[in-house]
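Trainee: What follows is each chain in one-letter form.
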Amino acid sequence: MAEETPLLELVKVCKAYGDRWALKNVSLKLYPQEVLGVVGASGSGKTTLLKILYLQETAQGEYRLNVPGWEGRNLLLLSRYEQPAARHYLAMVYQDAAQALRMGFAALTNVAEPLVLRGERRFGVLEAEAQEALERADFPLERAGDPPASLSGGERQRVQIAKALVQKPLAVLLDEPTTGLDLLVQATFLDTLRRLKRQLGMSLILVSHDLSVVRAVADRIVVLYQGEVVEEGLADQVLEDPRHPFTQDLVAARL
Amino acid sequence: MKPKHSYAYLDPEAKREIRRKVLKALAIPGHQVPFASREMPLARGWGTGGLQLTLSLVGPQDVVKVIDQGADDSVNAANLRRFIAQVSGARTTTDTLEATLIQSRHRIPEERLQEGQILILQVPIPEPLRYVEPSDARARELHALGDYSLLWVDLFEEHLRHGRSRKGAAYPVLVHGRYGMDPSPLPRWDLPKLHLAAHITLFGAGREKRLYAVPPYTRVEPLAFVDRPFQPEPILGSCRRSGCRHVFLNAIPQEDGSLAYEISDQGYMEKLLAGKTSGPLFVEKEHG
Chain Z
1 MAEETPLLEL
11 VKVCKAYGDR
21 WALKNVSLKL
31 YPQEVLGVVG
41 ASGSGKTTLL
51 KILYLQETAQ
61 GEYRLNVPGW
71 EGRNLLLLSR
81 YEQPAARHYL
91 AMVYQDAAQA
101 LRMGFAALTN
111 VAEPLVLRGE
121 RRFGVLEAEA
131 QEALERADFP
141 LERAGDPPAS
151 LSGGERQRVQ
161 IAKALVQKPL
171 AVLLDEPTTG
181 LDLLVQATFL
191 DTLRRLKRQL
201 GMSLILVSHD
211 LSVVRAVADR
221 IVVLYQGEVV
231 EEGLADQVLE
241 DPRHPFTQDL
251 VAARL
Chain B
1 MKPKHSYAYL
11 DPEAKREIRR
21 KVLKALAIPG
31 HQVPFASREM
41 PLARGWGTGG
51 LQLTLSLVGP
61 QDVVKVIDQG
71 ADDSVNAANL
81 RRFIAQVSGA
91 RTTTDTLEAT
101 LIQSRHRIPE
111 ERLQEGQILI
121 LQVPIPEPLR
131 YVEPSDARAR
141 ELHALGDYSL
151 LWVDLFEEHL
161 RHGRSRKGAA
171 YPVLVHGRYG
181 MDPSPLPRWD
191 LPKLHLAAHI
201 TLFGAGREKR
211 LYAVPPYTRV
221 EPLAFVDRPF
231 QPEPILGSCR
241 RSGCRHVFLN
251 AIPQEDGSLA
261 YEISDQGYME
271 KLLAGKTSGP
281 LFVEKEHG
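Chains Z and B, in that order, give the protein sequences.
Note that the first sequence covers residues 1 to 255 in this note's numbering.
Note that the second sequence covers residues 1 to 288 in this note's numbering.
One or more of the hints may lead you astray.
Unchecked claim - Sample of chain B residues at the chain Z side, in silico, Cβ under 8 Å:
hint: 1; residue: Phe156
hint: 2; residue: Arg161
hint: 3; residue: Phe230
hint: 4; residue: Glu233
Calculated from the structure, these hints are not laboratory results.
Heads up, the beta-carbon is just placed ideally off N, CA and C, and yes, glycines get one too.
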């Protein structure tokens with residue numbers, strides 16, 4: 001990885017709930033067109049980290065996006081009325097689709113929603129762009145009119161991916177996107193992610209407890225343990241030659 | 001003998017409060033203003049909001065018309081009219097052009113209202129975001145931000161599913177390019193009548209304790225996609241009494257399962273049947 005400017009950067013971010021530290025001095029960078037895997041056990045601060053990245057949680061430290069107009073601004077200091085504008089550059093895919101999707105509205109409507117939020121008022125354009133995004137996410141188009149409530153788990157995740165794609169975000173944040181899916185569906189979903197990364201040059205932050213998922217798509221890995229980054233490096237390097245005892249345990253545990 | 005109640009039923013403080021809120025509502029077109037909705041000798045949901053507005057504005061010189069679904073003689077309209085006349089001494093009428101105050105539940109009369117006339121609507125749910133944003137606190141925030149994208153998402157879903165909007169009432173409008181407003185139970189047919197109208201329209205929701213207004217000559221635009229223009233209800237038949245098909249018709253189920261149609265605006269139909277000349281209409285061109 002040459003010295004590129006990162007798309008997104010966290011510097012020494014700390015977060016405490018009461019007197020318990022959820023994150024301590026976490027710094028990370030996401031470079032263009034890379035997949036950053038964030039690995040950790042339950043309670044290691046993965047979800048808190050994502051919430052901070054998606055500006056749903058306040059924290060101390062610095063958070064910068066490399067976007068024209070936002071240079072040098074610390075996103076953690078934004079007011080709640082400025083946050084939506086910054087959030088436009090990010091898209092979030094949740095483990096539980098119900099957190100992101102309107103379960104009673106058609107899949108297509110869900111995908112079109114971010115465009116509506118940005119002020120697109122042409123029905124034809126909304127419909128066409130949402131359909132294209134669903135197609136890219138390998139969603140079966142004949143089900144585009146069905147509400148997510150009647151879709152399978154894998155299909156719901158594809159709707160979420162399409163909803164992220166349609167925004168053309170700087171980075172997509174994925175929170176355990178394959179947890180709860182069966183192995184075959186997981187595999188095809190990860191294939192889609194890899195293809196999108198290759199074709200569209202998307203940058204992703206993938207949070208998971210599942211090392212095989214992270215290994216399948218991530219270029220770099222950050223290991224979180226009790227709210228701290230204990231190891232960071234190229235995916236193969238970290239997984240083949242783990243340094244920190246926790247990472248060693250984690251790698252050993254999946255064998 | 002001391003009268004049993006103050007003039008026009010409401011006490012002076014109550015009327016003053018409502019008038020001040022009306023002024024505020026007129027100053028911020030489409031914005032919902034909270035008011036202290038009083039107990040009325042009428043059940044909530046039967047027009048207490050509209051009645052309080054009417055009673056706070058009415059004077060002995062006024063001429064009052066009350067309609068319900070366009071009809072002057074339905075039970076609720078007749079009761080309200082009798083009550084208003086009794087407590088205020090105002091004259092009542094069924095002629096739209098003669099009335100200074102018109103209280104209505106569902107319709108705007110077909111004859112064009114003029115400057116100086118006030119239309120008062122009884123509103124069940126004043127919040128246009130109610131069906132898309134369950135939290136009232138959040139809805140108020142969205143109003144403050146002017147963020148009506150949820151209404152657009154809802155509209156998109158309707159067009160996607162049915163190829164058109166199927167909202168008969170409560171079709172959301174944007175007032176003066178700023179506030180999203182629920183035009184209450186008005187059918188889509190009546191919405192263009194609000195746009196740049198000469199009269200004042202006041203909306204009162206008694207149960208929800210909100211009132212809002214459209215001042216004269218204010219833009220009122222129904223939400224619609226650029227490539228899917230807003231459409232009023234089509235006219236599906238012709239009036240069984242006058243043969244007309246140029247104004248809004250009520251569908252009346254018949255014993256044999258078919259539908260008969262009749263002009264909804266009763267005052268206008270009476271004029272037509274009596275051969276009197278009516279005033280200019282809001283919607284002049286032929287529909288159907």
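Trainee: Compare the structure with each hint and give your call.
Mentor: Status of each hint after checking the structure:
1. Phe156: Holds: closest Cβ of chain Z sits about 5 Å from Phe156 (chain B), inside 8 Å.
2. Arg161: Status holds, d = 7 Å.
3. Phe230: At 12 Å from the nearest chain Z Cβ, Phe230 (chain B) fails the 8 Å test, so the hint is violated.
4. Glu233: 20 Å, violated
Checked against the numbered hints above, the structure breaks hints 3, 4 and satisfies the rest.
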